[in-house]
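S.K.: Sequence:
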Amino acid sequence: MEYRTMTPHAPARGRCSPGTRRAPALPRAAVRGTAAVALLALVPMAAPAHAASTEPSASPSAAHSASPSAEPAALPQIASLKAADDPCVSAGTDVVAEAPWTHNALGLAEAHELSRGSGTTVAVLATGVEDGAGALSGAVSGAGTDCLGFGSFLAGLAAARPQSDSGFVGVAPGARITAVPTGEDDTGLTSAGQIASGIRDAVAAGADVILVGTAALAGSEALDSAVAAAVDADAVVIAPSTANGPDGPLPGYPAQNPDVLSVAAHDVAGVPVREAPVTGEDGETARVDVTAPGDRVMGVGPGGDGHFVSAGDGVAAAFVAGTAALLRSHAASLTEAQVRERLAATAYASPDGADDPLSGHGRIDPLAALTNQPAAGDTRVAGDEFVPDPSPRGSVEAATTAAVAGAAAFVVVFSVLTGAVLRKGRARKWRPAAAGERPPDIDTRWGPGRTVPDRDDS
337 MEYRTMTPHA
347 PARGRCSPGT
357 RRAPALPRAA
367 VRGTAAVALL
377 ALVPMAAPAH
387 AASTEPSASP
397 SAAHSASPSA
407 EPAALPQIAS
417 LKAADDPCVS
427 AGTDVVAEAP
437 WTHNALGLAE
447 AHELSRGSGT
457 TVAVLATGVE
467 DGAGALSGAV
477 SGAGTDCLGF
487 GSFLAGLAAA
497 RPQSDSGFVG
507 VAPGARITAV
517 PTGEDDTGLT
527 SAGQIASGIR
537 DAVAAGADVI
547 LVGTAALAGS
557 EALDSAVAAA
567 VDADAVVIAP
577 STANGPDGPL
587 PGYPAQNPDV
597 LSVAAHDVAG
607 VPVREAPVTG
617 EDGETARVDV
627 TAPGDRVMGV
637 GPGGDGHFVS
647 AGDGVAAAFV
657 AGTAALLRSH
667 AASLTEAQVR
677 ERLAATAYAS
687 PDGADDPLSG
697 HGRIDPLAAL
707 TNQPAAGDTR
717 VAGDEFVPDP
727 SPRGSVEAAT
737 TAAVAGAAAF
747 VVVFSVLTGA
757 VLRKGRARKW
767 RPAAAGERPP
777 DIDTRWGPGR
787 TVPDRDDS
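Residue numbers for the sequence shown follow the numbering used here, so the first one is 337 and each next one is one higher.
Any given hint might turn out to be false.
Okay, the calculated beta carbon distance ranges per label pair [claimed, not checked]:
| hint | residue 1 | residue 2 | range |
| --- | --- | --- | --- |
| 1 | D595 | T615 | 27 to 33 Å |
| 2 | A540 | T615 | 32 to 38 Å |
| 3 | G689 | A667 | 25 to 31 Å |
| 4 | A667 | T429 | 38 to 44 Å |
| 5 | A673 | E557 | 20 to 26 Å |
I should point out that these hints are in silico values taken from the structure, not numbers from a laboratory. Note that CB positions come from ideal geometry on N, CA and C, so glycine has one too.
When you get a sec, could you build the whole thing from the sequences and use the hints?
M.R.: See below:
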């Protein structure tokens with residue numbers, strides 16, 4: 337596999353990135369009630385680290401080493417989730433000298449003439465962020481270890497500094513990063529309570545922009561309260577539109593909150609990665625305000641200057657967080673609500689309008705946001721920068737998804753059967769049934785643990 341140049345093209349709307357597919361959904365109640373248990377129980381037996389995420393897969397591709405005599409090597413992948421017993425991400429050693437496709441797609445060269453995000457702080461809610469990489473060295477407050485590498489990757493997309501031997505630079509290279517540890521260190525799994533706590537910590541740290549790296553499967557009053565506290569503190573909260581459920585993507589939280597800027601991923605050609613709206617069993621559709629690059633994205637990772645690839649709505653949200661930092665630095669008088677409104681109003685509009693369930697207001701455009709001039713046409717796509725080739729292996733998350741979904745279904749059935757046994761046992765006060773005795777029926781109308789009065793079956 338090698339890097340290849342791409343020229344702008346417009347495939348049919350709704351095309352999904354290679355290998356991406358959506359599995360059938362479990363009942364909503366079952367997912368919310370058992371997803372966390374099933375995931376935690378099965379992560380150790382899941383597929384390798386690159387297969388632990390149900391996000392669109394980022395394929396390895398041949399790296400152009402900074403040394404012209406070096407043999408090309410595959411760029412390592414980083415995912416938002418991994419198996420608990422998989423090793424931590426190792427430091428990368430291959431550096432790509434050419435600019436990635438995202439640089440041109442976002443118009444960063446022109447945007448950086450107006451703003452580099454100086455004076456702003458982006459809080460990254462992830463399991464950790466390392467600042468050992470030259471591109472993040474000295475730019476991170478609260479830096480620590482990052483086993484998954486995902487937090488460091490997101491921080492780099494938002495604010496990596498330029499390096500002499502690298503074509504990669506963050507969206508807001510003048511911004512500061514505040515690392516807010518959120519989620520399980522060894523898997524990346526994140527709950528609504530952990531995100532709520534992380535948002536409050538980010539507010540206390542004075543963050544201007546709060547990036548939620550990994551969404552939760554369900555919301556909570558505490559999470560809504562934390563978002564409200566961020567709004568009161570004039571901090572922009574940005575989050576991925578979807579979360580990784582046991583059998584495919586589900587609406588993510590806190591992005592379902594209208595006070596949060598919800599972001600979905602688009603591919604190299606600017607087409608939404610998802611081929612259909614993401615909905616829950618109850619018909620709830622994942623909110624999408626804007627889209628940003630989230631397929632075959634190159635960036636930095638933990639432990640050094642080496643480059644990695646990743647994908648997904650969380651990756652797309654990092655690009656929007658960097659854009660928000662550019663705007664807050666350039667137009668400091670804007671409130672958080674005005675920043676969200678500006679980013680949406682100046683995006684490359686979807687042909688289906690702002691109510692497009694896949695694109696929302698459209699693709700993010702940093703330069704248009706800074707100048708407050710909406711783009712006249714949908715022309716800025718990959719350009720001639722290097723783009724990693726698609727993976728020839730197809731979907732890499734199928735094995736993990738099937739294992740987790742199967743266990744979730746087992747847990748649901750086991751819970752139902754166990755509940756029935758417990759209810760009937762309590763009704764009989766745990767007395768063994770006598771010969772020929774009919775087990776009592778349970779009816780909640782008569783109160784917990786009470787039997788239904790004798791019925792006239794005539």
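S.K.: Work down the list of hints and note, for each, if the structure agrees.
M.R.: Hints versus structure:
1. The hint said 27 to 33 Å for the Cβ distance between D595 and T615, and at roughly 21 Å that hint is violated.
2. A540 and T615 have their C-beta atoms about 35 Å apart, which keeps the hinted 32 to 38 Å range intact.
3. The beta-carbon spacing between G689 and A667, approximately 26 Å, falls within the hinted interval of 25 to 31 Å.
4. The hinted window of 38 to 44 Å between A667 and T429 holds, with their beta carbons roughly 40 Å apart.
5. Take A673 and E557: their Cβ atoms lie about 22 Å apart, and the range 20 to 26 Å holds.
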